[in-house]
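Asks: Work the whole structure out from these sequences, hints included.
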Amino acid sequence: MQTILISGLSGSGKSVALKALEDVGFYCVDNLPAEFIAVLVRFLRDSGEDRVAINIDVRSSGDTVLELPKAIADLKRQGIDLRVLFLEANTENLVKRFSESRRPH
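Take the sequence shown: its position 104, counting from 1, is numbered 104 in our numbering, and each next residue is one higher.
For the record, the hints were derived by calculation from the structure and aren't laboratory data.
Source: prediction; values computed, not measured.
The calculated label-pair distances, taken between Cβ atoms and stated as ranges, are:
hint	residue 1	residue 2	range
1	S15	Q78	23 to 33 Å
2	S99	F43	35 to 45 Å
3	R97	R51	20 to 30 Å
Listed next, the in silico BS3-like pairs over lysine-lysine satisfying Cα-Cα at most 30 Å (straight line):
hint	residue 1	residue 2
4	K19	K96
5	K70	K19
6	K19	K76
Backbone N, C-alpha and C define an ideal beta-carbon position, used for all residues, glycine too.
Replies: Right, dumping it as structure tokens:
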């Protein structure tokens, strides 16, 4: 099963990347906690899905950062074709995107 984990800086285009992968036939999940990644991939594989993309926001939970290496190791043990896509953008673009689309914190 082809699996892509997407992460990156806020405003770097993670949601855009996830939507693009959905457009080409990936089963997509947004903001899944790391502790559920291996369970989801196993379930989808057993259900006949062959491609999944998961957007991971490590800011959503302090435990996610700690659980992510465990989840990646578990997927590799399952023989999953795993890729990690980490997105960045230069500061100018991040500030522009934030001012255009984000609410103040």
